[in-house]
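Asks: Two independent chains are provided; combine them into the complex using the hints.
Chains as they are written, first to last, in my numbering: chain A, 1 to 82; chain B, 83 to 706.
In short, the hints are calculated from the structure, not lab data. Take the hints with a grain of salt, since some may be wrong.
Unchecked claim - Pairs of lysine-lysine residues, derived as DSBU-like cross-links and limited to a Cα-Cα distance of at most 30 Å, are as follows:
#1 A/K9 with B/K283
#2 B/K215 with B/K283
#3 B/K377 with A/K9
#4 A/K47 with B/K283
#5 B/K362 with A/K47
#6 B/K684 with A/K43
#7 A/K47 with B/K667
#8 A/K61 with B/K667
#9 B/K591 with A/K61
#10 B/K377 with A/K61
#11 B/K362 with B/K303
#12 B/K361 with A/K9
#13 A/K47 with B/K591
#14 B/K539 with A/K47
#15 B/K362 with A/K9
#16 A/K9 with B/K303
Unchecked claim - Now the stretches of chain A that chain B is said to cover, found in silico as 3 or more residues with beta-carbon under 8 Å:
#17 30 to 40
#18 46 to 56
#19 72 to 80
What the hints assert, rightly or not - Cβ pair distances, simulated, as ranges:
#20 A/G62 with B/T695: 56 to 64 Å
#21 A/Y59 with B/D676: 17 to 25 Å
#22 A/K47 with B/E102: 54 to 62 Å
#23 B/G703 with A/Y59: 40 to 48 Å
#24 B/D137 with A/Y59: 30 to 38 Å
#25 B/R705 with A/Y59: 42 to 50 Å
#26 B/G588 with A/R64: 18 to 26 Å
#27 B/E575 with A/Q34: 26 to 34 Å
#28 B/D577 with A/S35: 16 to 24 Å
#29 A/G15 with B/R584: 30 to 38 Å
#30 B/M587 with A/E32: 22 to 30 Å
#31 A/K47 with B/A605: 50 to 58 Å
#32 B/E575 with A/G15: 22 to 30 Å
#33 B/E449 with A/S38: 29 to 37 Å
C-beta atoms are modelled at their ideal positions from N, C-alpha and C, and glycine is treated no differently.
Below, each chain spelled out in residue letters.
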Amino acid sequence: MAIFKPHAKLAALLGEPTIRSEAATVGELLDEVQSRVSPEDWKRASKATILVNGRSVHYLKGMRTPLGADDQVWMVYPASGG
Amino acid sequence: MPGGHMNCVLYVDLTTRSVERKTPDPEDLRLYVGGRGLGIRLLYDLTEPGMDPYDERMPLIFSAGPLTGTNAPQSNRFVVTTKSPLTGFLADSHSGGSFATKLRKAGYDALVIRGRAPSPVYIQIDEDRVEIKDASALWGKTTSETQAALPKTHGMAVIGPAGENKVRFACIVSQKRVAGRGGVGAVMGSKNLKAVVVNGKKEIPVADPEAYKAMRQAQTKLLQSHPATGRILPDLGTASLVLVTAGRNIIPTRNYQAGQDLRSHLLSGERMAEEFLEKKDGCMACPVRCGRHVKVNGVEGKGPEFETIGLMGHNLGIFDLASVIELGQLCDEVGVDSISMGGTLGFVTELTERNMMESPLAWGNVEAYRKAVLDTAARRGLGDSLAEGTRRLADRYGGQEFAIHVKGLDLPAYDPRGCVGQGLEYAVNNRGGCHIRGATMYLEATGPVSVDPESPKAKPELVIFQQNTNAGVSSLCMCYFSAYVVIPAIMHELDPNSLVYRGLMGVIKQAGPLLRVVLAGKAPIQVLWYENFLSAVLGRKVTMGDMAELGERVYNLERLYNLREGLTSAEDKLPDRLLHTPLSKNGQRGVPLDQMLPAYYKVRGWDSRGIPTKKTITRLGIRV
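So here's chain B without its partners, still in its complex pose (with noise of 0.2 Å):
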């Protein structure tokens, strides 16, 4: 018997308050499977070209997984997706919690919402029974707040002030977690929605129960095991990157001027585990628990992830952890990115500093920073400025050649100039400035392995490859810190001084040839847990081909999708401060993006001007 999939969309429109189910179009099931991938198909369908992000009919569409749950560990997930109104293309932004699978519990695989209310509302959705409700008493209210007034036993997804006020870069808060990047808040916000609450006790059909419990035992028992979700991700938090990076030079430091600071170490996840951590915190059905749970001076709260210390801290040149750990809480209670956030407040202290601005920001002020983050929310002052991003900003100030972003979407925390395959990554994502859309960083600087950080040589295919395995992982809606266990616990044990280990990485470096042999070919073999899982739960033979190939598929629907709302590939770029200004006197003198951006087009199956050509799209079925 077929399983995986509820088939079941939800659709509410909050104008007409009208809900409608539709079962989805088997084929599309098959072709995009979930999650990110169901989520650009609905996109690409239910708008029309040049539909503007708060046009009411933009659908706000909220996806899970076919493994979201069935308790696969880290599987639950869901992803937002909706036009973003801070790049003006796509936005697909995703987080943990327990709201993914309460949505799948309800019956759905998806819910879509358009529409604007007249007055501030939330939908309950239990199971059938759908309801839109008067949201009054909630708006104004922050995540925590707003949850706190929601009924405990469904899961959420809420917006902040900053979603209310259409902050360009606002975020959607479910528990703890976070889904960030792009505006999706502000979209939300724009419907006058201020949250989703869904709950419902459904089965998810499992086509082939022993197999799928067979899996899940020997996957958690992989992930508990493995040094980088075993050992390294529980005790240290994604707060482990911050020594690594800025070894490496990589930390953005005071708006990407520097890459670390002497006082680094005070910001590590080391020091947070030591004085801060009360316990470790994390999603529903995940065994790794990479989450923080810290008190500062007597108050318990979340911690911070490495991105948030990044950004918010060595960007603004904070280096107090319980400083960073309140601003990083602060943007989460109003409902704000903190990486666009940081990256906007430390482009603005540029600007300031080089007298191109007038505003109260200066390196290291906690003070004026907290201001800024609620200014911001509430659009008071210098944070009306602010809550349009650093890319309008850019244009209203100048200072172009450092405003960090990619298509108008922030730069996490990691200088390209010293992985500069992260770079290409950067410059050609499809929703802008992103690092998790393939983390080809973890392959260059930060994880145990080390191909040439500042090479081009193989650098477009392990990118390509990388985006197309975090697409498919994300359109089963699982986590990708789940794809670190592919790479062999023996290297974390390897002496990077080792004749073995250097041998090895030179090899690596060499790939380049073999990797357009395997990105080109449909490996009939299943060797991951996820084709196996995937297996598992659909009941059809799903291969590392596969899911290669779903990957690929969905992420040139987004580059489709992207080009219909006007991108060019004039846009495939990196700020002149990351591609001309040396960072470091041994090297990292800016990424050759020229070098490598050509080779990408070709090996992706792109004309030269980043346009996906006919043999690629009917190659990959994608319907048009």
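Here chain A stands alone, though its shape is the one from the complex (with noise of 0.2 Å):
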């Protein structure tokens, strides 16, 4: 079972920190997540970096991205400091 991580602003529209999910792709994973907020939520939400274990998923397979158990996808985005 893999793990999903938002960033603040879509776990405060989820209502939860950390989603479990069966899905078999960051596709999947990202169409269960998007069925929960409102389209324009949604637009606005994901215009973040994508990260599946810690790397991003262009890195990767896109969001064809297998998934596997304990799996971390995490939505983050830019920060400012150091």
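Replies: Take a look at the structure:
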């Protein structure tokens, strides 16, 4: 079972900071998440970097990146500071 | 009329109780400008090779920049330069607060303190009046107690019990800001110097007031409107970094055994803002206000920076934000660098876990860690060993492969296995394992631009560009967060999943050769606020190329100082764990340092042993 960690704004919309999913790919997982928020909210919230175990999906297989047990998918915004 | 400098360096000798004022060499001011540059120039000139950090002749140098005190945004910072008792190499540590402005308004570009008082003292400077006063009643007091007992009209730089007891990573505190790294507080303590307080009302000369005023207004507006400094930092502070570093799997967790935790969100800037933030705080003359003032269990105080959350939270397995806030405040009160404190505690906890050392430390045990901080400051029991720092503990107990430091300085809260350019930067930085000498991770993993974090491509060039920029900015004594505004605001709005964004990152990844051309050139243009501000204040044209050259010159002189003190390229390295132990099953296999280091030396104009060539030294006009 994969684990999804949304950024803070999406977590507030979803009402929980951690979601567990049986999705087989990143795309499937995000479809599940998208179905739980309004299209307007998703449009804003989805403009974020998607990472699987710390690696951007762009360097993996994008939305087709397969998910296995305990894989972690994080959605993050850029930050500032040092 | 030329401006910027007060043209005076104040020398105080605590052994002889003598005070002297000297006019700095105008050529040194032209070449090194102020702050970090002036600090290393003075350190190099005032010390003999091999001088011990606790030798009473060792200077403790406070320096400010030519913009400091003019109200230029983000310019109110000072640098403390000396030799580090933690690394044995250069220590320069930077802080905000009001001290820098008051030092300048008292009439000084820098203050050099040498000698050792026979009993505790503090120095009070009121323009031309300089007094060495008895501090017996302040000895043993915390940093806030000490500051409360000193004149509130003055800028302050004080140490806590840790500095008095020469904890090798003791810091200097100025109001709520901290010159944290490298043990500058221990050198201050070795001089029996509890505090420096300074005040003055002198005018800072500005050569072109009209141009300066226009620049100040434009820069303030830019800082307030840019997403990095106008939204993210004011809203969330540096703790905005918690979620992105956890998502990137690079926030050090349990002594760098992991890069995040499913409870990371409990320590986020968003949570601090929601549940603990009372008001935003900031340095004098800074519109950003990234500092946090929080309330925990009815008690108000400073909120933690990201680094404290990383090292005193994740790295110790603590995910209760109230506890991390209190531990961060405790570090400031006793006067220890929270990064090195957290790094050392994490290392000893792992040694304990592996039965290589006996201690009461265990992941998540807040009470044990709280006691350990107090014991470290007092050098009591286990604390006496902790006070020596990670490198010396590893020499005694073993565990070199997971002793997370470079040149003895504990690494901050970015695991370089997920930002390999930052790994190179750690390995070669002149003050050891430090993130803010270039902050390459901002361009790889944490900011709005992400140049493939796990690829070594273009990283040597990027690191040099960042390091030179930082050395230049720090010589002006501007906050390095000002550099984040260089990245256009639109990058914060661009969808990172879009083809445009991905294409752009691909182009930057291939930009190594172009960056080499930029680094070799000396652009005769004025584009950024740094050169424009400096031109207006100094009354001579400063270009972007001049700023880059300033940074390169400062960086090379620092390297030459370290080489003089015994540095070899063998110390441009990373701990084995970060080189060879994978952090994630998707990658993060280790920093490919051997692929980057030779190119770094070459582009720097250093030989294969990491020594600046004669040609490089001559080109930069460095006096050795």
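Asks: Now tell me if each hint is right for this structure.
Replies: Each hint, compared with the structure:
1. A/K9 with B/K283: Cα-Cα ~47 Å, so violated.
2. B/K215 with B/K283: holds, 22 Å
3. B/K377 with A/K9: The given pair, whose Cα atoms are some 23 Å apart, holds under the 30 Å limit.
4. A/K47 with B/K283: This hinted pair is violated, its Cα atoms lying about 50 Å apart.
5. B/K362 with A/K47: Given that 30 Å is the threshold and the Cα spacing comes to 28 Å, the pair holds.
6. B/K684 with A/K43: violated, 46 Å
7. A/K47 with B/K667: Within the cut-off at roughly 25 Å; holds.
8. A/K61 with B/K667: holds, 15 Å
9. B/K591 with A/K61: holds, 19 Å
10. B/K377 with A/K61: The hint is violated at about 45 Å.
11. B/K362 with B/K303: The given pair, whose Cα atoms are some 19 Å apart, holds under the 30 Å limit.
12. B/K361 with A/K9: Distance ~21 Å between B/K361 and A/K9 Cα, so the pair holds.
13. A/K47 with B/K591: holds, 22 Å
14. B/K539 with A/K47: Cα-Cα ~26 Å, so holds.
15. B/K362 with A/K9: Given that 30 Å is the threshold and the Cα spacing comes to 21 Å, the pair holds.
16. A/K9 with B/K303: holds, 27 Å
17. 30 to 40: violated (count 0)
18. 46 to 56: Per the Cβ count (11), the hint holds.
19. 72 to 80: Result for this restraint: holds, n = 8.
20. A/G62 with B/T695: 56 to 64 Å: violated, 46 Å
21. A/Y59 with B/D676: 17 to 25 Å: For A/Y59 and B/D676 the Cβ distance comes to about 22 Å; the hint holds.
22. A/K47 with B/E102: 54 to 62 Å: Since A/K47 and B/E102 have Cβ atoms about 59 Å apart, the given range 54 to 62 Å holds.
23. B/G703 with A/Y59: 40 to 48 Å: holds, 43 Å
24. B/D137 with A/Y59: 30 to 38 Å: violated, 51 Å
25. B/R705 with A/Y59: 42 to 50 Å: Hint holds: Cβ distance 47 Å, inside 42 to 50 Å.
26. B/G588 with A/R64: 18 to 26 Å: Since B/G588 and A/R64 have Cβ atoms about 20 Å apart, the given range 18 to 26 Å holds.
27. B/E575 with A/Q34: 26 to 34 Å: Because 21 Å falls outside the window, the suggested range is violated.
28. B/D577 with A/S35: 16 to 24 Å: holds, 20 Å
29. A/G15 with B/R584: 30 to 38 Å: holds, 32 Å
30. B/M587 with A/E32: 22 to 30 Å: Taking Cβ atoms as reference, B/M587 and A/E32 lie about 28 Å apart, which means the hint holds.
31. A/K47 with B/A605: 50 to 58 Å: With a Cβ separation near 34 Å, A/K47 and B/A605 fall outside 50 to 58 Å, so the hint is violated.
32. B/E575 with A/G15: 22 to 30 Å: 27 Å Cβ-Cβ, so the 22 to 30 Å window holds.
33. B/E449 with A/S38: 29 to 37 Å: Violated, at about 45 Å.
Hints 1, 4, 6, 10, 17, 20, 24, 27, 31, 33 from the list above are not met by this structure, while the remaining hints are.
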